[in-house]
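Enquirer: Spelled out, the chains give:
Protein chains: 2
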Amino acid sequence: MSTSSPELFVELDRSRPRGLRAQLERSLRDAIRAGRLRPGVRLPSSRALAADLQITRGVVIAAYHQLTAEGYLTSRQGWGTVVNTITVPEGSQRRRPPPAGIRYDFQPGAPDVGLFPHAAWARATRAAMRSLPGRSLGYGDPAGLTELRETLADYLGRVRGVSCEPDDVVVCNGFSHGLSLLAQVLAERGIAVEDPGHPDWREQITWAGASCHPIEVDDEGLRVDRLAASGAGAVLTTPAHQYPTGVALSPGRRTDLLDWARTSGAYVIEDDYDAEYRYDRQPIGALQGVAPDHVVYAGSLSKSLAPGLRLGWLVVPPALREEVVATRARGDRFTSSIIQATVAEFVQRGDLDRHLRRTRRGYRQRRDALIAALRRHLPACRATGISAGLHVLVTLPGGMDATRLAATAARHGILIQPLDRYRACPAAPGRSPALVMGYSRLTPHHIEEGIHHLATILNSDGVTTL
Amino acid sequence: MSTSSPELFVELDRSRPRGLRAQLERSLRDAIRAGRLRPGVRLPSSRALAADLQITRGVVIAAYHQLTAEGYLTSRQGWGTVVNTITVPEGSQRRRPPPAGIRYDFQPGAPDVGLFPHAAWARATRAAMRSLPGRSLGYGDPAGLTELRETLADYLGRVRGVSCEPDDVVVCNGFSHGLSLLAQVLAERGIAVEDPGHPDWREQITWAGASCHPIEVDDEGLRVDRLAASGAGAVLTTPAHQYPTGVALSPGRRTDLLDWARTSGAYVIEDDYDAEYRYDRQPIGALQGVAPDHVVYAGSLSKSLAPGLRLGWLVVPPALREEVVATRARGDRFTSSIIQATVAEFVQRGDLDRHLRRTRRGYRQRRDALIAALRRHLPACRATGISAGLHVLVTLPGGMDATRLAATAARHGILIQPLDRYRACPAAPGRSPALVMGYSRLTPHHIEEGIHHLATILNSDGVTTL
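Respectively, the protein sequence lines represent chains U and W. According to the numbering used here, the first sequence holds residues 37 to 502 in order. According to the numbering used here, the second sequence holds residues 37 to 502 in order.
Treat the hints as calculated values from the structure; they're not laboratory data. No residue lacks a Cβ here, since even glycine has one placed at the ideal position from N, Cα and C. There are no misleading hints in this set.
Listing some non-contacts, in silico: residues in chain U with all C-beta distances to chain W over 12 Å: (1) Thr291; (2) Ala408; (3) Ala419; (4) Thr431; (5) Asp456; (6) His482; (7) Asn495.
Where chain W lies over chain U, by a calculated footprint (3+ residues, C-beta under 8 Å): (8) 156-166; (9) 362-375.
Kindly generate the complete structure, drawing on both the sequences and the hints.
Expert: Given below as structure tokens:
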């Protein structure tokens, strides 16, 4: 902490110069009482405040002295004059307690941010700040920093078979942001989504004013044959690893999907959210690489690195680009240059590749631990989907109520999600009960322990015997 | 740069194991030809790619050898195998040349990012990354990081007389982002704006689906008496320093504005964009401090620090808070945790106060230099508005065409803006021609030189004699 003088706002009526001390006292007292000057806030030195207000220093010293006597202010050695705690008004408690009692968090959707490569990120930040030309800290291109778009075009071509030039890339603040832009641009077409699929995306599409058409998913992925009847002019899909069922879109369906887009002039929004994590083989290439004029490719660092970075990208066909960029500019203008430049460095230095190789090994072990623990402790359950990503679909024996099971588990500190949470129509009959379980944020040991615990609770609780 | 192995996407048909080498060659060749593997991209080592693809290393070596012979790949000492430049297709030129010939940029609206406090920012970044708990890198609160909202509540109370609790603060990506959220939330009310005012804000309000009502500005600021007739249920205003005319809202108008809001149930959006820069006295306090239930306060670091950070804040009355936060969550979810945590550290350490004191001195010198130069070289012009901010309104002698003047100056490398750019109806007759001139990004020496140059051009060019 520094001892230089903080800024302070005070209003004085200079037409009454003789009352300045009383005015200053009243102004500070009112500000403290009303909470505008909050407990612990440090005031400027008497010298600095006198200079700012263009009054004599004696007036400030006298006012501080009076308010200290009244208990509003206090002097701290080596720190100066500080606002006292007068009362602690309702609602101003500084920290909320963390939610208590969560022992095993099997919720899907986020990586283990404990694996975040702090040292490599710090190196990339330093290099980015050194190389960041001054003008990049000014108002920037809504489509993104040139260096980052070049880096992403290289990276996505190399790793995911995406076919693009830097000009095709639009940098955004995560996938959610990208989808909100696309939903606005494509609102009049109506957008089909996968069912089950992420409820947030359905909500976001509707919020943007587009109609949302849920289309069934089976064990080959999206039922592409039902797109035509839906009347939608675009579809949001997760072909590499369907979320949340975990299946890959079959080769036949991939062909059919692109045929539908080409013949009907529709757009495919390819949500490539976790394709970096494929454990048994290389992932299938991006659809975008096959039909770049008909596919909007979307990805982010939220699953591979950390959601807190808020960095994602769209690769946009030429026909949509101008409108997507204009829509982005009319919202928050552009993504923080510091984050953009740091990510460009991070990827160029090979740090993202290194991080992916390291975490891929770790997540695979966690996945294997979950599957083994399920087999051991809950043998009637079945884990399905390809060996990929950060979650698994767990099918329960028929007749079980997954939502009730999740509620019971939560009371014992185990967080699991019923598949019904992802369905557009949860109540439809005849469906197998299932859970969506994430394994990314627990060690293999905790995974084994958590599943064992889950099995014990379920048996002793009498919910059911699995 | 590292020598660890980069990732690469390749598709192989494993049902034909004897053709693997040919398949690998074809796959790489196609990717290079189609531009998915771009010139300069480094391929994985033969050992790493063989392990990834689960094929023998000899197959990879043979394929790389063949493609090197064909000219698609090249070996670089200590760097590995790299994609060659085959042709340079149209549109892939890496750098655009900077706009040439701009010698004096008097455009308003941005600070001098050359003054950005790199060392202090780097210290704050390091401290933020050390203290950032792992969970902050996960999905965060749409309203912002608790630490930053606490810091901003303290700071805004202390420096601007804003009356708020941390829960009232919504962190966003700059003012533009905040306005886009408010325009969505208040769309049905209709939003009045100042005329002249920023054309981007008018456009953003219309884009969000709200009706936009321009209200005249005179030398006391916004014509508050015209609000009632406009039918608008909200108004966007710059009371501390009207943009771009530079006047402060008069005390009487401040009272009338809040009376209008209270009696009609309307909201005032207080754009406090540059109140940190007042050179002759302390700025007048925020309206929000007087009527926190009727005023949405909006500010950012774009003028005080750098637009490239993309960090701003709203202080939102309780009645609007839930909808503002929900609207934000459905866009880009939340602001980068790293930027948020760094700004919290930066402000807590007193670095923002220090930066403001330092730059305030510098900008005051630049302002004084501009006024002196105008007086010396263009004595018929008159600089108006309070001694504040980063720009000045320059009134020209009647009968001059400010737009034509700006075009002539631009041809000589001098960028100035006509006031008409900020008017909702530029063509209205009977108005004094005027320029909006920013002085933030030129040294006093360059300001004097630029204005001298401008005067010479104008006289010799025969545009007019000032």
